[in-house]
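Sequences and hints are given; from them, build the entire structure.
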Amino acid sequence: YEVSLIILILNYFILIESMSMKDFFVWQNSYYMAMMFLPFFSIWFVSCIAELNRTPFDFAEGESELVSGFNTEYSSGLFSMIFMAEYGFIFFICILNSYMFMGSSFVYIKSMILLYLVLCFRGTYPRYRYDKFMMTAWKVFLPIGLFMLIVS
2 YEVSLIILIL NYFILIESMS MKDFFVWQNS YYMAMMFLPF FSIWFVSCIA ELNRTPFDFA
62 EGESELVSGF NTEYSSGLFS MIFMAEYGFI FFICILNSYM FMGSSFVYIK SMILLYLVLC
122 FRGTYPRYRY DKFMMTAWKV FLPIGLFMLI VS
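For the sequence shown, the working numbering gives the first residue as 2, with consecutive numbering after it.
What the hints contain is simulated information worked out from the structure, not anything from laboratory work. Please note that the accuracy of each hint is not assured.
Cβ pair distances, simulated, as ranges [to be verified]:
1) 39 with 7: 17 to 23 Å
2) 3 with 84: 32 to 38 Å
3) 151 with 27: 22 to 28 Å
4) 107 with 39: 19 to 25 Å
5) 36 with 79: 18 to 24 Å
6) 144 with 79: 36 to 42 Å
7) 77 with 120: 23 to 29 Å
8) 77 with 107: 47 to 53 Å
9) 77 with 24: 44 to 50 Å
10) 39 with 139: 20 to 26 Å
Note that the Cβ used here is the ideal one computed from N, Cα and C, for glycine as well.
Below, the structure written as C-alpha coordinates:
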(Lines of atoms letter the chains of each structure in order from A and count residues from 1; the text may use other names and numbers.)
(Lines give C-alpha, C1' and ligand atoms only; values in the text may rest on other atoms or scores of the structure.)
Protein backbone atom coordinates (compact mmCIF):
# COMPACT_ATOMS: atom_id res chain seq x y z
CA TYR A 1 0.00 0.00 0.00
CA GLU A 2 2.97 2.33 0.38
CA VAL A 3 3.76 1.99 -3.32
CA SER A 4 0.22 2.91 -4.34
CA LEU A 5 0.25 5.74 -1.80
CA ILE A 6 3.42 7.21 -3.33
CA ILE A 7 2.04 6.83 -6.86
CA LEU A 8 -1.17 8.59 -5.83
CA ILE A 9 0.73 11.48 -4.25
CA LEU A 10 2.87 11.81 -7.39
CA ASN A 11 -0.31 11.86 -9.43
CA TYR A 12 -1.66 14.60 -7.21
CA PHE A 13 1.52 16.65 -7.66
CA ILE A 14 1.28 16.23 -11.43
CA LEU A 15 -2.35 17.37 -11.46
CA ILE A 16 -1.60 20.45 -9.36
CA GLU A 17 1.75 21.01 -11.14
CA SER A 18 3.33 21.92 -7.82
CA MET A 19 4.39 20.51 -4.47
CA SER A 20 3.53 23.64 -2.52
CA MET A 21 0.60 23.60 -0.09
CA LYS A 22 -0.10 27.19 -1.08
CA ASP A 23 -0.71 26.05 -4.65
CA PHE A 24 -3.00 23.28 -3.35
CA PHE A 25 -5.14 25.95 -1.69
CA VAL A 26 -5.19 28.14 -4.80
CA TRP A 27 -6.15 25.19 -6.98
CA GLN A 28 -8.90 24.10 -4.59
CA ASN A 29 -10.58 27.50 -4.65
CA SER A 30 -12.15 26.45 -7.94
CA TYR A 31 -12.21 22.64 -7.50
CA TYR A 32 -13.26 20.34 -4.67
CA MET A 33 -10.77 17.48 -4.89
CA ALA A 34 -12.63 14.90 -2.79
CA MET A 35 -15.69 14.96 -5.05
CA MET A 36 -13.90 15.64 -8.32
CA PHE A 37 -11.58 12.65 -7.93
CA LEU A 38 -13.69 10.32 -5.78
CA PRO A 39 -11.90 7.06 -6.79
CA PHE A 40 -8.56 8.77 -6.21
CA PHE A 41 -9.67 10.01 -2.78
CA SER A 42 -11.14 6.65 -1.74
CA ILE A 43 -7.97 4.73 -2.65
CA TRP A 44 -5.88 7.39 -0.93
CA PHE A 45 -8.01 7.24 2.23
CA VAL A 46 -7.94 3.43 2.42
CA SER A 47 -4.17 3.46 1.87
CA CYS A 48 -3.78 6.05 4.63
CA ILE A 49 -5.81 3.90 7.02
CA ALA A 50 -3.62 0.94 6.10
CA GLU A 51 -0.54 3.07 6.77
CA LEU A 52 -1.97 4.00 10.16
CA ASN A 53 -2.32 0.29 11.07
CA ARG A 54 -5.92 0.76 12.14
CA THR A 55 -8.37 -2.08 12.71
CA PRO A 56 -9.19 -3.37 9.25
CA PHE A 57 -5.46 -3.44 8.51
CA ASP A 58 -3.79 -3.86 11.93
CA PHE A 59 -1.86 -7.01 11.15
CA ALA A 60 0.84 -6.34 13.75
CA GLU A 61 -1.72 -6.46 16.56
CA GLY A 62 -3.98 -9.04 14.95
CA GLU A 63 -1.71 -12.05 15.18
CA SER A 64 -3.38 -14.98 16.91
CA GLU A 65 -0.32 -15.65 19.08
CA LEU A 66 -0.05 -12.08 20.33
CA VAL A 67 -2.22 -10.34 22.88
CA SER A 68 -1.69 -6.74 21.79
CA GLY A 69 1.15 -6.93 19.29
CA PHE A 70 4.35 -5.14 20.21
CA ASN A 71 2.57 -3.19 22.96
CA THR A 72 3.05 -6.03 25.46
CA GLU A 73 6.77 -5.27 25.63
CA TYR A 74 6.18 -1.84 27.13
CA SER A 75 4.37 -0.65 30.21
CA SER A 76 3.42 2.61 31.85
CA GLY A 77 5.26 5.60 30.36
CA LEU A 78 6.58 3.99 27.20
CA PHE A 79 3.18 2.48 26.42
CA SER A 80 1.53 5.87 26.82
CA MET A 81 4.16 7.40 24.50
CA ILE A 82 3.43 4.77 21.83
CA PHE A 83 -0.30 5.34 22.30
CA MET A 84 0.06 9.12 21.95
CA ALA A 85 2.33 8.75 18.91
CA GLU A 86 -0.20 6.50 17.15
CA TYR A 87 -3.08 8.89 17.75
CA GLY A 88 -0.92 11.89 16.88
CA PHE A 89 -0.10 10.26 13.55
CA ILE A 90 -3.82 9.64 12.98
CA PHE A 91 -4.52 13.31 13.65
CA PHE A 92 -1.68 14.38 11.33
CA ILE A 93 -2.96 12.18 8.48
CA CYS A 94 -6.49 13.53 8.91
CA ILE A 95 -5.23 17.12 8.76
CA LEU A 96 -3.14 16.27 5.68
CA ASN A 97 -6.16 14.68 3.99
CA SER A 98 -8.34 17.68 4.74
CA TYR A 99 -5.69 20.06 3.39
CA MET A 100 -5.11 18.02 0.25
CA PHE A 101 -8.64 17.02 -0.69
CA MET A 102 -11.19 19.17 1.10
CA GLY A 103 -10.04 22.72 0.57
CA SER A 104 -8.46 25.23 2.88
CA SER A 105 -11.51 26.54 4.73
CA PHE A 106 -12.64 24.94 8.01
CA VAL A 107 -9.67 22.56 7.96
CA TYR A 108 -9.94 21.51 11.58
CA ILE A 109 -13.66 20.76 11.37
CA LYS A 110 -13.08 18.66 8.25
CA SER A 111 -10.14 16.91 9.86
CA MET A 112 -12.26 16.12 12.93
CA ILE A 113 -14.87 14.54 10.64
CA LEU A 114 -12.15 12.43 9.03
CA LEU A 115 -10.79 11.56 12.48
CA TYR A 116 -14.26 10.41 13.50
CA LEU A 117 -14.45 8.23 10.36
CA VAL A 118 -11.06 6.66 11.06
CA LEU A 119 -12.00 5.93 14.65
CA CYS A 120 -15.40 4.51 13.63
CA PHE A 121 -13.69 2.02 11.32
CA ARG A 122 -12.36 0.32 14.44
CA GLY A 123 -15.82 -0.75 15.56
CA THR A 124 -17.50 -1.35 12.23
CA TYR A 125 -15.12 -3.22 9.96
CA PRO A 126 -13.74 -6.71 10.57
CA ARG A 127 -10.07 -7.51 10.24
CA TYR A 128 -8.98 -8.50 6.75
CA ARG A 129 -6.83 -11.46 5.99
CA TYR A 130 -3.30 -10.50 5.05
CA ASP A 131 -3.38 -12.27 1.68
CA LYS A 132 -6.64 -10.55 0.69
CA PHE A 133 -5.22 -7.18 1.60
CA MET A 134 -2.01 -7.75 -0.37
CA MET A 135 -4.10 -8.94 -3.32
CA THR A 136 -6.13 -5.72 -3.13
CA ALA A 137 -3.03 -3.56 -2.81
CA TRP A 138 -1.16 -5.12 -5.73
CA LYS A 139 -4.02 -6.04 -8.09
CA VAL A 140 -6.48 -3.21 -7.53
CA PHE A 141 -4.86 -0.13 -5.98
CA LEU A 142 -1.58 -0.25 -7.88
CA PRO A 143 -3.09 -0.68 -11.40
CA ILE A 144 -5.64 2.07 -10.76
CA GLY A 145 -2.89 4.37 -9.46
CA LEU A 146 -0.67 3.62 -12.46
CA PHE A 147 -3.60 4.20 -14.82
CA MET A 148 -4.30 7.57 -13.19
CA LEU A 149 -0.61 8.43 -13.43
CA ILE A 150 -0.52 7.58 -17.14
CA VAL A 151 -3.74 9.50 -17.87
CA SER A 152 -2.59 12.62 -16.05
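Tell me, which hint numbers fail for this structure?
2, 5, 8
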